[in-house]
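A.B. asks: Residue strings, one per chain:
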Amino acid sequence: MRGRSRAIPFVGVMILWLLFGAAVWGAELPPLTHSLTPSENRQPAPALRLQNMDEEMVDIRDLKGRVVVVNFWATWCPPCRREMGSLERLYQATREKRVEVLAVNIGEDIDTVFSFLGTVEPSPGFPMLFDFEAASMESWGVKGLPTTYIIAPDGTIAYSAVGGREFDHPEILRQVLELAVE
Amino acid sequence: MKRVTVATVLLLPSLSALAENPQAHRVDVVTGAKTWETRSNGVHFSLTQLLPDQLRAFYVNRGFTLQQAEPYATSCVYMAVIRNDDAPGVIHFVSSDWPVSVEGGLHALLPVEGWLERLSAAGVRKSALVAFRWAQFPPEQSYRPGGDWNQGMLSIGLPAGSRFDITATWDIDGETYRAGLKEVQCAG
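Chains as they are written, first to last, in our numbering: chain R, 1 to 182; chain F, 183 to 370.
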């Protein structure tokens, strides 16, 4: 009984901690941006070959000829969490129009990501890739999360987006779809 | 008409004061965390207190032990945000160069690399170090106009309750711009 009474406050504190841990930066978040920034000089996209949730390898080279949206993210990153639903809505609106979406998770395991995806509405149907040691961050020039690149059908980086976006905003949808018919 | 004129005259000094000193301050009603923010030359800059318990929880959930998380959790940490809304070009900054002054003296920030070395020496495991590195405000970054931005953790390295002034600096094509926050207070 004595042990149980000690355990109750401890469990309460841990629950609060878990809630705080998820929402540590949650208050007063800045608004998400509504546009993509065009590249001044289009450079070829770096290599990207990573495993997906089924532990199969996905290589961005196999997607040449299509627009590819590459989003670097983590579950603990507030703007990454906020933009994930809009990324799925962009995917739904463009998947039949030669557009692919790849989300590259940085440093987390498959179970953590799987649990998080169940909380996103709508739940993402596009491939999740795993960069366990954040090795792709340097080659892609990522300096903060989230960062997203839009790859043109010729394999060059056409647009970038540093920080959270509303990917289903009409302006972003227009930019992506125009790129698909280039 | 006379009433409008009087109102306009009364309003002018306050608008003038806002333009000269655009720093704002607010408090989160749920957590009590304070935010200081300003806007300069099309760039938004803000610091929001992250409370030590919030930081302990965040890092324990990422694989730190309580003991490993403690030095960082008690180092006066903020959620920093820089956003290039409509600056006259691409902004570039090195956040460890931002001047911080405490009671008139300059205070050096411990760079992210320094924290990583310290945490690695304390035995923090690799996956937790990856989370730590990418949860920090970028040590160096460039933002294009139109809304590029980041939010991330920025440790000032001061005891609880300390007050300081900080100036975010960035350059556009070699020209330096500044946005300062005064009398910012460490949580605790």
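Honestly, the hints are just simulated from the structure, not real lab data. From a predicted model like this one, the values you see are computed outputs, not experimental measurements. Heads up, some of the hints might be wrong.
Residues from chain F shown here face chain R by an in silico Cβ test under 7 Å; the list is partial [claimed, not checked]:
{"no.": "1", "residue": "GLY245"}
{"no.": "2", "residue": "THR247"}
{"no.": "3", "residue": "TRP297"}
{"no.": "4", "residue": "ARG326"}
{"no.": "5", "residue": "ASP330"}
{"no.": "6", "residue": "TYR359"}
Backbone N, C-alpha and C fix where the C-beta goes; we use that ideal spot for every residue, glycine too.
A.B. asks: Going through the earlier hints one by one, which of them does the structure break, listed in rising order?
C.D. replies: 1, 2, 3 and 6
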